[in-house]
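Participant: Construct all of the structure, not just a fragment, from the sequences and the given hints.
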Amino acid sequence: MAALTEEQSMLRDQAKSWVTEQFPVQKFREMRDSGVVARFTPETWQGMIEMGWTGILVPEQYGGSGLGYLTFGVVLEEIGRQLTASPLFASAYVGATAVMLGGSDDQKQAILPKVVDGSVILTLAVDEGPRHDPAKIALKAESTGSGYQLSGNKTFVVEGMAATDFIVAASIDDDVKLLHVPASADGVSREAMSMVDSRGYANVHFDGVEVGAEAVMGDAAVLEQVLDCARAGIGAEMLGTASQAFDMTLDYLKTRVQFGQVIGSFQALGHRAAELFGQMELSRSCMEAALQGIDADADDVSELASLSKAKVGDFIHEMSNQLIQIHGGIGMTDEFDAGFYLKRARVLEAAYGNQAFHRDRYARLLGF
Amino acid sequence: MAALTEEQSMLRDQAKSWVTEQFPVQKFREMRDSGVVARFTPETWQGMIEMGWTGILVPEQYGGSGLGYLTFGVVLEEIGRQLTASPLFASAYVGATAVMLGGSDDQKQAILPKVVDGSVILTLAVDEGPRHDPAKIALKAESTGSGYQLSGNKTFVVEGMAATDFIVAASIDDDVKLLHVPASADGVSREAMSMVDSRGYANVHFDGVEVGAEAVMGDAAVLEQVLDCARAGIGAEMLGTASQAFDMTLDYLKTRVQFGQVIGSFQALGHRAAELFGQMELSRSCMEAALQGIDADADDVSELASLSKAKVGDFIHEMSNQLIQIHGGIGMTDEFDAGFYLKRARVLEAAYGNQAFHRDRYARLLGF
Amino acid sequence: MSDLETFRAETKAWIEDNFPASLKGSSMGLEGESDESAKADFESWRQRLAEKGWGAPTWPTEYGGAGASDPEAKIISQEMAKQGAFNPIPLMAGMGVTMVGPTVLEYGTEEQKQKHLRGIASGEVRWCLGLSEPNAGSDLASLQTKAEADGDTFKINGQKIWTSGADISQWCGALVRTDSNAKKRDGISFVMLPMDQDGVRTKPIQLISGVSPFCETFFDDARAEKSDLLGPLNEGWSVVKRLLQHERQSQTQARPAGGGGSKPTLQEVAKGYVGTDESGALADTDLRNRLTHHLMDSQAHSLTTSRITAEARGQVKVSAAASILKNSATRIAQGKAELTMEIMGSQGIGWDGDNFSSEELDNVREWLWGKAISIYGGSYEVQNNIISKNILGLPENTQKG
Amino acid sequence: MSDLETFRAETKAWIEDNFPASLKGSSMGLEGESDESAKADFESWRQRLAEKGWGAPTWPTEYGGAGASDPEAKIISQEMAKQGAFNPIPLMAGMGVTMVGPTVLEYGTEEQKQKHLRGIASGEVRWCLGLSEPNAGSDLASLQTKAEADGDTFKINGQKIWTSGADISQWCGALVRTDSNAKKRDGISFVMLPMDQDGVRTKPIQLISGVSPFCETFFDDARAEKSDLLGPLNEGWSVVKRLLQHERQSQTQARPAGGGGSKPTLQEVAKGYVGTDESGALADTDLRNRLTHHLMDSQAHSLTTSRITAEARGQVKVSAAASILKNSATRIAQGKAELTMEIMGSQGIGWDGDNFSSEELDNVREWLWGKAISIYGGSYEVQNNIISKNILGLPENTQKG
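Chains as they are written, first to last, in numbering that gives the first Met the number 0: chain A, 0 to 367; chain B, 0 to 367; chain C, 0 to 400; chain D, 0 to 400.
If you're looking for bench data, these hints aren't it; they were derived computationally from the structure.
Keep in mind that a hint or two might mislead.
Claimed, not checked - Away from chain A, derived, C-beta distances all over 10 angstroms, residues of chain B: (1) Thr143; (2) Met160; (3) Gly207; (4) Ala267; (5) Asp298; (6) Asp333.
Said to hold, decoys possible - Label-pair distances were calculated between CB atoms; the ranges are: (7) His204/A / Asp351/C: 31 to 41 angstroms; (8) Asp276/D / Asp174/B: 24 to 34 angstroms; (9) Asp361/D / Gln25/B: 24 to 34 angstroms; (10) Pro394/C / Gly392/D: 19 to 29 angstroms.
Unchecked claim - Straight-line Cα separation of at most 16 angstroms, EDC-like style, residue types lysine to aspartate or glutamate; simulated pairs: (11) Lys202/C / Asp299/A; (12) Lys51/C / Glu9/C; (13) Lys113/B / Glu59/B; (14) Lys139/B / Asp116/B; (15) Lys202/C / Asp333/A; (16) Lys388/D / Asp333/A; (17) Lys388/C / Asp294/B; (18) Lys202/D / Glu334/B.
Note that the structure is predicted; figures quoted are calculated from it, not measured.
Backbone N, C-alpha and C define an ideal beta-carbon position, used for all residues, glycine too.
Facilitator: The following block contains the structure:
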């Protein structure tokens with residue numbers, strides 16, 4: 000990472016060694032094979048809470064450290080490298096962002112300290128069909144006088160089985176509002192979705208669920224802001240995952256012998272590695288710029304978030320394919336880790352809008 | 000070319016040796032440097048007439064040989080290889096096609112034999128702005144009782160300075176008609192457009208030009224058919240040009256020495272050549288299929304024509320860039336021929352709809 | 000009526016008379032069928048095909064084929080498809096019909112042809128191929144598995160990988176080192192050995208897409224008869240080169256859309272998931288653009304296959320074009336799976352469960368499995384080496400083709 | 000107020016006091032200006048800049064610079080841009096300010112620094128570089144031009160190509176072979192010689208884009224003083240490597256949009272030529288898609304330049320990143336010209352005449368000329384060799400970087 004502060008560098012080193020030593024990809028394999036429903040292990044999650052990662056975004060007055068988005072990105076990148084599974088991103092990044100941007104003082108007071116100590120696991124529930132489309136929310140919230148009654152479905156909800164609280168995008172009259180709904184509320188049901196990356200997702204059903212008027216946590220504008228933060232943040236995790244795939248590939252190029260020489264000495268592969276390296280560096284700049292833009296409250300955060308999600312998405316797409324291709328047969332076996340990176344790549348690409356979504360959005364933001 | 004008849008093979012051999020010996024690219028250079036307005040030399044044109052190329056499409060009853068479109072493609076490919084400049088394509092291919100598809104018996108009788116003997120040079124005038132858009136014809140033809148009066152402009156008219164007769168797409172009420180307009184008619188004026196490929200083009204102005212009712216030569220449907228034939232045919236010329244660029248590049252890869260070895264032994268360049276060769280073979284199939292489709296009166300000629308124009312267009316685009324790149328500094332000099340191929344490539348790409356136009360059209364034809 | 004027309008009419012009639020109506024429209028994978036009567040119908044159909052020589056119709060009749068020309072063989076498959084019939088024998092014979100058989104026909108002794116070909120052409124003997132080794136990869140010639148002469152047999156020791164169907168095959172064609180002092184490619188031989196013996200052990204490989212037909216195969220004092228040496232001793236390299244040409248040849252087709260042909264087109268699938276704008280164009284213009292490229296590439300590929308076939312005057316030759324077509328087919332198959340996945344959105348990245356349709360789950364497997372297409376049978380890079388060296392005549396570069 | 004803020008205020012004031020208002024907004028190419036008063040203003044501005052040391056502000060004051068830090072130099076250009084001023088000296092000095100000067104500062108003797116640097120920093124002496132040769136291309140080390148010791152001088156014979164500005168330069172830095180028995184890279188030296196002598200002849204090269212600054216340069220018993228040998232004898236290879244790093248460095252910027260910054264953006268140009276649909280999106284969705292890719296790549300490139308600068312703590316180092324940035328800048332510049340051409344349609348492929356606007360004709364030249372960006376200063380392929388070898392640490396492959 001570029002020009003980090005001393006604090007960020009320390010955090011990166013801490014994250015790197017913790018993830019690599021305590022929760023490397025081998026732990027992810029064990030979790031996958033165990034079939035645990037939440038799709039992460041309590042120890043992983045507990046470790047993250049203890050290191051204070053759940054409080055990186057949360058202001059000090061609510062029990063966090065308020066270090067900001069680029070700092071959180073440093074951690075997400077290291078997590079991405081080893082595919083460490085946990086609700087950290089869903090709850091302490093996306094969820095906390097929604098509360099901070101859209102929540103009332105009461106909501107912040109009530110929720111944020113619990114996000115930090117891990118007793119609340121938040122998740123944002125937006126999409127209702129197979130494609131990311133926050134402009135079309137069908138889930139209805141009808142006014143009951145004292146509050147709202149919700150009916151509808153949400154799909155592909157990240158950590159939807161583990162979440163204790165949902166932040167739900169609902170359509171109220173012709174408007175969109177975010178509503179805070181406890182998972183324990185009457186009428187909420189959910190089922191696990193078994194995705195290709197073996198991580199935790201759920202379809203969530205809201206069948207006449209009632210919440211009070213104080214459940215409102217922002218409008219369509221807040222939703223868009225939260226989503227931009229999510230896009231920028233997931234870019235950091237994606238770049239971590241892709242960078243690890245690059246490192247694995249480079250290592251293989253230097254050690255695998257074919258035709259009497261290491262395969263990295265074949266010019267076609269050397270140039271391919273050079274092109275991938277260039278794309279990685281360019282992607283990194285976009286990813287960091289988006290996170291820095293949020294920290295600086297810049298007015299082009301939306302452009303930067305779409306730029307980052309698209310460029311990092313293109314890189315992880317190509318890099319994950321090359322990871323398999325260059326490893327050859329061994330890369331095709333489940334025994335080797337390459338497949339995990341490939342599978343995770345496509346899920347990350349689809350989350351919060353794929354490359355096509357963000358290219359189109361970028362063009363619209365630039366006025367064409 | 001694939002599975003040619005004996006006749007087609009003979010014609011190809013004849014065309015190849017005539018073009019290579021009599022009118023190689025060196026002659027094109029001389030023509031360019033001479034600044035001749037028509038942008039071709041009378042000897043070239045006369046030679047083609049004498050060999051019967053102007054009659055390849057024209058039925059025997061009108062003085063031609065009626066050998067068909069794939070056969071004409073064989074010749075166009077060889078012409079494309081050496082950039083031989085002439086009105087052959089504009090007049091004896093596109094123009095003759097329009098007369099054959101849209102002309103009355105009288106028109107055929109009057110025009111086709113003269114196309115064959117070269118005393119008439121036809122050209123189709125469709126586009127009115129910088130982009131190919133046959134759906135939007137602004138040039139107006141108003142009924143005069145005994146015929147029509149034309150007012151408007153046509154741009155980028157191929158061989159527009161040399162043409163003796165225009166076939167003009169005009170808007171009549173809400174309809175489009177093709178009208179035969181002699182270049183000598185009152186109110187017709189034209190100015191040469193000096194394009195990057197040093198070939199003949201004109202902007203043509205119609206200022207109250209009067210023609211009789213018998214000048215009509217088909218409607219919008221005929222226009223679209225003629226254009227599809229033009230697209231398929233220009234694909235053959237384009238593939239010839241691009242194939243020559245490929246051959247020049249391959250030759251250079253085998254002879255140019257750098258770092259003590261011929262550069263074709265560097266794997267990155269070897270693989271690039273392999274990829275280009277694959278694209279060339281795939282493009283060839285599309286090009287031939289489109290011409291064969293016309294000959295067989297197939298019902299997917301439009302799809303095939305768009306497929307061909309787009310695929311051959313992509314190939315010539317990439318191939319012409321690689322021609323320069325692989326030749327390095329020498330390729331940048333005007334003294335060497337590479338620049339001619341690059342410049343010609345972009346003009347051919349733009350003619351009758353560029354790759355973007357045809358990809359969009361192909362998708363529409365396939366119903367999405 | 001031309002000869003071929005007569006042949007077509009006879010073929011049509013024979014299939015009508017012999018193909019069990021109960022099997023109509025079912026596809027090839029009926030071996031494991033639990034229904035007893037279907038099983039019996041299937042077995043009787045296999046027998047009739049085998050008797051007719053249509054398991055491998057272009058092979059000579061004396062070796063279980065029908066001595067058919069390429070156009071005739073094409074007619075047979077066309078007529079079968081028309082009636083919902085199928086030829087299950089190539090699949091049942093593993094690598095037998097597509098690769099081992101043609102190579103035995105070319106390199107085998109009369110005795111070997113008599114011994115092996117009928118079993119393949121009838122679908123009764125399944126073959127696997129022991130070529131790759133864990134440390135060889137694309138560099139096949141660096142193989143380590145050793146065969147030592149020992150009386151009338153070779154004694155074989157070593158390990159093979161990616162032996163497709165090894166766990167269910169009766170015979171194996173294996174590439175072994177018979178002279179360890181010779182230069183890499185010179186001391187290699189091709190032997191045929193039965194799988195049902197103590198010295199052979201197989202272990203299926205789990206792939207990223209799930210279970211797979213591939214195995215690791217271990218030879219521990221395994222035996223092959225000396226009379227089952229194919230081609231001359233220490234000249235197995237030329238045999239296997241030919242074998243691999245046959246493999247490339249069998250892989251030049253862009254993967255068939257599969258099944259009954261009534262599958263919706265990719266653009267229809269896309270319209271279903273993504274929707275259209277008021278003009279009927281796909282709502283996601285970025286996706287629409289890439290889908291168009293894909294469909295154009297796909298049509299260009301099949302036009303090229305037809306063209307090259309036509310140029311070869313009806314005879315599909317094992318030609319230099321195979322490398323181009325293999326790489327093109329690879330791009331299209333892999334591109335299609337990626338596009339389908341993108342089109343299906345979050346429904347396209349499911350692993351299992353009722354939340355996903357079988358089409359959605361199938362595509363995920365196809366996508367993952369398809370990553371192998373650019374690796375096996377001569378990787379994408381190796382094909383490019385072949386094109387650049389053998390077709391374009393560029394000088395040998397550092398990587399061998 | 001910080002030091003830099005003070006510096007900015009002083010800079011602003013100095014420019015206000017010294018920059019002739021008559022030159023405001025005019026760009027660099029004023030040398031050939033026919034208007035006599037503008038010529039005089041231009042010359043006086045050059046002199047004032049030279050006196051201030053702002054022709055090459057980061058150079059030491061004793062050699063004609065201003066001893067400015069990188070941030071200070073940046074402030075000078077920013078403040079000039081704000082007032083429509085400019086620094087014409089780097090252009091006037093040819094290869095002097097960007098390449099020769101920094102290398103002389105590093106490798107030169109005190110005598111050489113005194114002799115050459117002031118002339119460069121004041122814009123009075125223009126330099127060209129004689130590096131490439133007709134048969135060398137990217138393989139610079141295989142050069143043939145010979146220099147033989149002869150008293151106090153070297154006698155030079157041979158031919159150089161792509162010597163930019165050779166026909167109008169006063170001095171040349173040339174790479175010559177001084178030991179023909181040594182291995183390729185070992186017997187090379189870097190000498191500086193005056194162009195105005197009998198043994199030197201230049202011939203401009205006509206390019207596909209038309210006239211060009213490039214020349215062929217012929218040395219026929221040309222002379223260089225031995226005291227003008229830069230770096231040790233036979234060790235010119237390390238000098239030129241450094242020189243080329245400076246060149247790469249100067250090429251990492253995606254080409255500026257040029258001129259006054261008021262040029263319409265590419266998307267505005269596109270909307271003008273192509274039109275939009277009712278939602279305001281570009282009507283050609285295929286083009287729109289590629290334009291989006293281009294603009295994203297372009298923004299990614301400039302963010303990367305900023306990031307790498309920040310990582311180097313404000314000092315733009317001649318770093319490994321230069322190769323990545325050079326190739327990225329190349330793709331963007333060439334892609335932009337191609338897109339612009341496509342956007343302009345048939346108006347974008349004109350050569351000359353009143354039918355075309357100057358923007359249209361300029362783009363055609365830019366497009367053609369821009370094909371050289373991936374060839375000179377280390378071709379696209381050579382940059383990839385450098386990345387793969389020097390940055391990624393992959394083993395030496397057959398092509399040297």
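Participant: Take the hints in turn and mark each one as holding or not.
Facilitator: Cross-check of the supplied hints:
Residue placement check: Thr143/B keeps its beta carbon more than 10 angstroms from all beta carbons of chain A (closest about 44 angstroms). Chain A leaves Met160/B outside its interface by the beta-carbon criterion, the shortest separation being 37 angstroms against a cut-off of 10 angstroms. Every CB of chain A lies more than 10 angstroms from the CB of Gly207/B, the least distance being 39 angstroms, so the non-interface label holds. Remark: the non-interface label on Ala267/B conflicts with the geometry, its nearest Cβ contact in chain A lying 5 angstroms away (cut-off 10 angstroms).
A cut-off of 10 angstroms between C-beta atoms confirms that Asp298/B is not in contact with chain A; the least separation is 33 angstroms. The Cβ of Asp333/B lies farther than 10 angstroms from every Cβ of chain A, with a closest approach of about 30 angstroms, so its non-interface assignment holds. Distance hint check: the CB atoms of His204/A and Asp351/C are about 20 angstroms apart, inconsistent with the given range 31 to 41 angstroms. For Asp276/D and Asp174/B, the Cβ-Cβ distance of about 25 angstroms falls inside the hinted range of 24 to 34 angstroms, so the restraint holds.
The supplied range of 24 to 34 angstroms is met by Asp361/D and Gln25/B, whose beta-carbon atoms lie about 30 angstroms from each other. Restraint check, Pro394/C to Gly392/D: a C-beta distance of roughly 28 angstroms satisfies the suggested window 19 to 29 angstroms. Pair hint Lys202/C plus Asp299/A does not hold up; C-alpha atoms about 56 angstroms apart against a cutoff of 16 angstroms. For a cut-off of 16 angstroms, the pair hint linking Lys51/C to Glu9/C stands: about 13 angstroms separates their Cα positions.
Our distance criterion of 16 angstroms between C-alpha atoms is met by Lys113/B and Glu59/B, whose separation comes to about 13 angstroms. At most 16 angstroms may separate the alpha-carbon atoms for a hinted pair to count; Lys139/B and Asp116/B exceed this at roughly 32 angstroms. With a C-alpha separation of about 14 angstroms, the suggested pair Lys202/C and Asp333/A falls inside the 16 angstroms cut-off, and the hint holds. Distance hint between Lys388/D and Asp333/A is unfulfilled; the C-alpha atoms sit about 32 angstroms from each other, more than 16 angstroms.
Between Lys388/C and Asp294/B the alpha-carbon distance is near 37 angstroms, which puts this suggested pair outside the 16 angstroms criterion. Annotation: proposed proximity of Lys202/D to Glu334/B holds, straight-line Cα distance about 13 angstroms (limit 16 angstroms).
Checked against the numbered hints above, the structure violates hints 4, 7, 11, 14, 16, 17; every other hint is satisfied.
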